[in-house]
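Take these sequences, add in the hints, and give me the full structure.
Here the protein sequences line up with chains A and B, keeping their order. Mapping of the first sequence onto this note's numbering: position 215 corresponds to residue 215, and the numbering continues sequentially without gaps. Mapping of the second sequence onto this note's numbering: position 228 corresponds to residue 228, and the numbering continues sequentially without gaps.
Treat the hints with care, as some may be off.
The list cannot tell twin chains apart, which means a pair is met if one copy fits it or any two copies do.
What the hints assert, rightly or not - Quick list of in silico lysine-lysine cross-link-like pairs, DSSO-like style, CA-CA up to 30 Å:
1) Lys134 x Lys421
2) Lys468 x Lys333
3) Lys468 x Lys369
4) Lys74 x Lys578
5) Lys578 x Lys442
6) Lys308 x Lys578
7) Lys420 x Lys470
8) Lys420 x Lys61
9) Lys61 x Lys494
10) Lys134 x Lys76
11) Lys494 x Lys74
12) Lys507 x Lys578
13) Lys398 x Lys578
14) Lys325 x Lys420
15) Lys468 x Lys83
Please keep in mind that the hints were generated in silico from the structure rather than gathered at the bench.
2 protein chains.
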Amino acid sequence: MYRTHTCGELRISDAGKSLTLAGWVQRIRNFGGMNFIDLRDRYGITQLVFNPQHNKELTEKSAALGREFVIQVKGKCVERSNKNKELPTGDIEILVDELNVLNASLTPPFTIEDETDGGDDLRMKYRYLDLRRKPVRENLLARHQVARAVREYLDGQGFADVETPHLIKSTPEGARDFVVPSRLNPGQFYALPQSPQTFKQLLMVSGFDRYYQIVRCFRDEDLRADRQPEFTQIDCEMAFVEREDVLQMFEGMTKSVFKKVRGLELPAFPRMSYDDAMMNYGNDKPDIRFEMKFVWLKNGDEDVVGGKSFKVFDEAESVIGICTKGCAEYSRKQLDELTEFVKRPQLGMQGLVYIKANADGTFKSSVDKFYSSDDLKKIAEKFSALPGDLILILAGEKARTCKAMSELRLEMGNRLGLRKKDEFKPLWVLDFPLLEWDEEEKRWNAMHHPFTSWRKEDDALLETDPGKVKANAYDMVMNGVELGGGSIRIHNRKNQERMFAALGMSKEQYEYKFGFILNAFEFGTPPHGGIAYGFDRFCSMVTANQEGIRDFIAFPKNNMGRDMMLDAPGDIDEKQKKELGLK
Amino acid sequence: MYRTHTCGELRISDAGKSLTLAGWVQRIRNFGGMNFIDLRDRYGITQLVFNPQHNKELTEKSAALGREFVIQVKGKCVERSNKNKELPTGDIEILVDELNVLNASLTPPFTIEDETDGGDDLRMKYRYLDLRRKPVRENLLARHQVARAVREYLDGQGFADVETPHLIKSTPEGARDFVVPSRLNPGQFYALPQSPQTFKQLLMVSGFDRYYQIVRCFRDEDLRADRQPEFTQIDCEMAFVEREDVLQMFEGMTKSVFKKVRGLELPAFPRMSYDDAMMNYGNDKPDIRFEMKFVWLKNGDEDVVGGKSFKVFDEAESVIGICTKGCAEYSRKQLDELTEFVKRPQLGMQGLVYIKANADGTFKSSVDKFYSSDDLKKIAEKFSALPGDLILILAGEKARTCKAMSELRLEMGNRLGLRKKDEFKPLWVLDFPLLEWDEEEKRWNAMHHPFTSWRKEDDALLETDPGKVKANAYDMVMNGVELGGGSIRIHNRKNQERMFAALGMSKEQYEYKFGFILNAFEFGTPPHGGIAYGFDRFCSMVTANQEGIRDFIAFPKNNMGRDMMLDAPGDIDEKQKKELGLK
Chain A
1 MYRTHTCGEL
11 RISDAGKSLT
21 LAGWVQRIRN
31 FGGMNFIDLR
41 DRYGITQLVF
51 NPQHNKELTE
61 KSAALGREFV
71 IQVKGKCVER
81 SNKNKELPTG
91 DIEILVDELN
101 VLNASLTPPF
111 TIEDETDGGD
121 DLRMKYRYLD
131 LRRKPVRENL
141 LARHQVARAV
151 REYLDGQGFA
161 DVETPHLIKS
171 TPEGARDFVV
181 PSRLNPGQFY
191 ALPQSPQTFK
201 QLLMVSGFDR
211 YYQIVRCFRD
221 EDLRADRQPE
231 FTQIDCEMAF
241 VEREDVLQMF
251 EGMTKSVFKK
261 VRGLELPAFP
271 RMSYDDAMMN
281 YGNDKPDIRF
291 EMKFVWLKNG
301 DEDVVGGKSF
311 KVFDEAESVI
321 GICTKGCAEY
331 SRKQLDELTE
341 FVKRPQLGMQ
351 GLVYIKANAD
361 GTFKSSVDKF
371 YSSDDLKKIA
381 EKFSALPGDL
391 ILILAGEKAR
401 TCKAMSELRL
411 EMGNRLGLRK
421 KDEFKPLWVL
431 DFPLLEWDEE
441 EKRWNAMHHP
451 FTSWRKEDDA
461 LLETDPGKVK
471 ANAYDMVMNG
481 VELGGGSIRI
491 HNRKNQERMF
501 AALGMSKEQY
511 EYKFGFILNA
521 FEFGTPPHGG
531 IAYGFDRFCS
541 MVTANQEGIR
551 DFIAFPKNNM
561 GRDMMLDAPG
571 DIDEKQKKEL
581 GLK
Chain B
1 MYRTHTCGEL
11 RISDAGKSLT
21 LAGWVQRIRN
31 FGGMNFIDLR
41 DRYGITQLVF
51 NPQHNKELTE
61 KSAALGREFV
71 IQVKGKCVER
81 SNKNKELPTG
91 DIEILVDELN
101 VLNASLTPPF
111 TIEDETDGGD
121 DLRMKYRYLD
131 LRRKPVRENL
141 LARHQVARAV
151 REYLDGQGFA
161 DVETPHLIKS
171 TPEGARDFVV
181 PSRLNPGQFY
191 ALPQSPQTFK
201 QLLMVSGFDR
211 YYQIVRCFRD
221 EDLRADRQPE
231 FTQIDCEMAF
241 VEREDVLQMF
251 EGMTKSVFKK
261 VRGLELPAFP
271 RMSYDDAMMN
281 YGNDKPDIRF
291 EMKFVWLKNG
301 DEDVVGGKSF
311 KVFDEAESVI
321 GICTKGCAEY
331 SRKQLDELTE
341 FVKRPQLGMQ
351 GLVYIKANAD
361 GTFKSSVDKF
371 YSSDDLKKIA
381 EKFSALPGDL
391 ILILAGEKAR
401 TCKAMSELRL
411 EMGNRLGLRK
421 KDEFKPLWVL
431 DFPLLEWDEE
441 EKRWNAMHHP
451 FTSWRKEDDA
461 LLETDPGKVK
471 ANAYDMVMNG
481 VELGGGSIRI
491 HNRKNQERMF
501 AALGMSKEQY
511 EYKFGFILNA
521 FEFGTPPHGG
531 IAYGFDRFCS
541 MVTANQEGIR
551 DFIAFPKNNM
561 GRDMMLDAPG
571 DIDEKQKKEL
581 GLK
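Next comes the structure, spelled out in structure tokens:
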């Protein structure tokens, strides 16, 4: 061992000890002829002193050190005269008697400090240096703590951690599979799993009863910001359960993790139907840290704003508003900003209508031409608007308007400081539609995945009115982020075949792709259900209450799926291509 | 929940309770008009009773059940008159009041019993049924316990579990990489990692100090029995350590796992040099549960059997013997079996010479024509053979003879019952050669991998006599099985470049493949080292003291790398091939 202690553990009680430390040179300061070095390792920082009166030669040698050099020092732990209250080791310093340079360092391309001067690309290329920075390191160490808390809970509940294969069969449903050419089986391909879905169900068939795995998954999607081609899932499944059992179990898990990792007691998880979530928040993962619910001024036949010759509303499929408390004083500039926000191509609204409920009881709106003061008052009553409030209204095609209003609501939440960093509002969203219509492919898609079962009472609708069938599915949502989702599964061959048929698959297609699981269902499959959490996102939420995941992955890829450090993907040998039958 | 209790938990103290169970029909027996069903789940077996005097209709219904049906029963827990001491639940049974068939089952293609009538291929195809058998299920549950014990130990020692990427850059060293075509980067490929070797070293560069991961690895090798294209490693690395630190840490881990999982105290791990292992056992992973060490009768210039006109010995490069205690009474047939054993093509020996040290003090050998009784006595003294012992001798080319004698020694260990199932003999093998000559490619290969450092005292030999350089490498061996291996790593650019050059790589080649880690070495890399265990094999050893791994993997592949259940690998769509630029 190159050290007797770490750089984070020495305290005043260690004063007087002779010891050895090893670590990185964080900072060098010269003061009154003496050199002071902050020596860093994973555990902390300890101050080293090179004093020419103590050892002249050594002090000169120390002057040649540079940032990020790896050194070993032997010396004595002494009390500091000038204590540093910011550092746990701030009461002591090491008076150095021996200095060994274990490795030199070039000047790093960016500063290794909590706040760095390095841009994204540079930090990704030198990820091994970026990982030296305390905030990045602490994210990853926190990730380990989250994994431990998850395992402790599930182990305690009798779940068995079973590893499922990574080289499987290609069965693309939804997203694309990554494939792996097989050399021993020329012309054939393995696929990398998008999730262990079928395997965990087979483990239920096998009687494993309770299964979990923290497992890598792969999806060859066109990457969006913060999507990674490989990501990690907490994957869980239980046999002989109904929906309520799964909800209780995993509400318990999430609470337990927050308690262990953050010392935080989460409240009970309220429940909301998918329909209510869409109606009130325009979104199936609403941030309920704040209210500001949708008010539908026009929705199908219901219309409280029509007939006033305002074409925008009259011609719109939907008119939706929200009431923002105390914003009636918003300036022209602020309102213009909000208008620009909803007109961005991602949202694509034509404009934004506002009604100010002034402090003096009067109303002022951007549609005064069409709506009388009385009209505005009536509308304002719909929102229970109080003097001082600002009503924001969007109109247009239903789905698009919902989405835009949902984004505007979150934007207003941000502006009003309603999305607090120290507040966590979990939620179960229930009763999702089983299927959604794919306009491009002109067929139904599974909203969750094709193994999701449906409500018994909707059974007859599957063939007659599939869009109306509600799934036995549930999502765990927190602060506007989907942490996980799952369902009670189909567990017999007949219903699974009906589902595949509803998705437009021929018997031949589903037999080829999923024959193994259809067969398995005929050998005594228990009722079962489960859930999967996006582990990267879960860590990000538990640790930092944020949505971004890249800072919680040790070696992430960029938006083009490239690892900038490795410069991967890359070329392979012609010889290998030939062996794989790719030429 | 479909049950109030599991099938493994009811005891006499539960008698009188009304309860609900769910599980699989293991066995149905009709006895005196009553039906008895063994109901099985992961936790055990509980006997159900259908009594016509209690409920006639239900008893008739129960007669229609078949093996592996999934049922739910409600009833009363009652004391059994005829207790079964073999079962933890054998004191009670359930008098059934309600029966619900949750799912029927076809007749399984093989019996779901501890000893099954199913052949390998059938069991692999219906793996989900094979996994229902208790021995297979218990192997996998034990695997989870091993993982837990590993994590507990490493977490306790401050190791951070960090996930490394699976889609990386192809850098084939030794075995072939599996590759993954990139759709977003046409014509380019990711590789699946053979191990996270470079990543764990980069984590040391980053200052993570102590890292571990239980991680999937991939190797596209021509498969041998018991090799899997994907396998799991316990991967560990430590900074600021020397060899002794790593040995202590992981000797501690192995002991801790055996203690927790098997309740077994392992002895201290003896250490043996690679050279000694080869000389005494002809093998770098000797099974030291028994002695039976090699005696070299001829090795280079040393020759104690030459000059007797026995051409087989005179012309051989090496003559090696072992002494098997108390086997002098071996029959002609037994000796013939051993001769056939060493003549198998895998070993390729010409024959086997024996010397019997008879109980009466005389000697009898298969080479009496060439060696006098006195000659034989002298040879026997070399082996310290006692009356009753049998000496077995092989001759031929050195490496081949070593290997054959090593196998013969293990065979004799088996025959004499010296390889005990309840005995565990761990061992560190040290001081491996750094390089080994590849006769086919006419170049040096790294014996462990190209990041292994070498003994300081051999430094000058790397360019002048590379075969003589000893590595800072170590293997953990138990009962003839290699559990893990590792090394102290190279940690500066200059030595890493020297190593690549020794392996015959051009500067251009190693810059392209390993530029990222060579660069990393210039930014303050600490001395570091680590180890990786084959997790599948480790589980197999801890749990069952055996070498085979397939029974410890939930969904293994066969010798052609095929998953028989999924029928993978398989074809992929032409559309996908086109998108990937493979057509």
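Practice task
Check lysine 494 against lysine 74 for me: Cα-Cα at most 30 Å, and say if that holds within a copy, between copies, both or neither.
Solution key: Intra 74 Å, inter 27 Å, cutoff 30 Å: inter-copy only.
Exercise for the section: If the cutoff is 30 Å on CA atoms, where do lysine 507 and lysine 578 land: within, between, both or neither? Let me know, please. Expected result: between (36 Å within a copy, 25 Å between copies)
Handout entry: Homo-oligomer pair classification [lysine 420, lysine 325; C-alpha up to 30 Å]
Key = Result: close within a single copy only, 17 Å intra versus 78 Å inter.
Exercise for the section: Up to 30 Å between alpha-carbons, please classify lysine 74 paired with lysine 578: within, between, both or neither. Expected result: neither (57 Å within a copy, 63 Å between copies)
Practice task
Could you figure out if lysine 398 and lysine 578 sit no more than 30 Å apart (CA to CA) within one copy, between two copies, both or neither?
Solution key: Close neither inside one copy (53 Å) nor across copies (37 Å); limit 30 Å.
Problem - lysine 578 and lysine 442: within-copy, between-copy, both or neither at 30 Å Cα - result: Intra 40 Å, inter 23 Å, cutoff 30 Å: inter-copy only.
Exercise for the section: Give the relationship of lysine 468 and lysine 83 under a CA distance limit of 30 Å: within one copy only, between copies only, both, or neither. Expected result: Answer is neither; intra-copy 69 Å and inter-copy 54 Å both fail.
Problem - Intra- versus inter-subunit Cα pairing at 30 Å for lysine 61 with lysine 494 - result: between (79 Å within a copy, 23 Å between copies)
Problem - lysine 468 and lysine 333: within-copy, between-copy, both or neither at 30 Å Cα - result: The answer is neither: 44 Å in one copy and 78 Å across copies each exceed 30 Å.
Exercise for the section: Tell me, please, which holds for lysine 134 and lysine 76 at an alpha-carbon limit of 30 Å: within, between, both or neither? Expected result: within (27 Å within a copy, 60 Å between copies)
Problem - lysine 468 and lysine 369: within-copy, between-copy, both or neither at 30 Å Cα - result: neither (41 Å within a copy, 95 Å between copies)
Problem - Intra- versus inter-copy proximity for lysine 421 and lysine 134 (alpha-carbon distance at most 30 Å) - result: Within one copy, since 20 Å is at most 30 Å while 49 Å is not.
In summary, the numbered hints that this structure violates are 2, 3, 4, 6, 7, 8, 13, 15.
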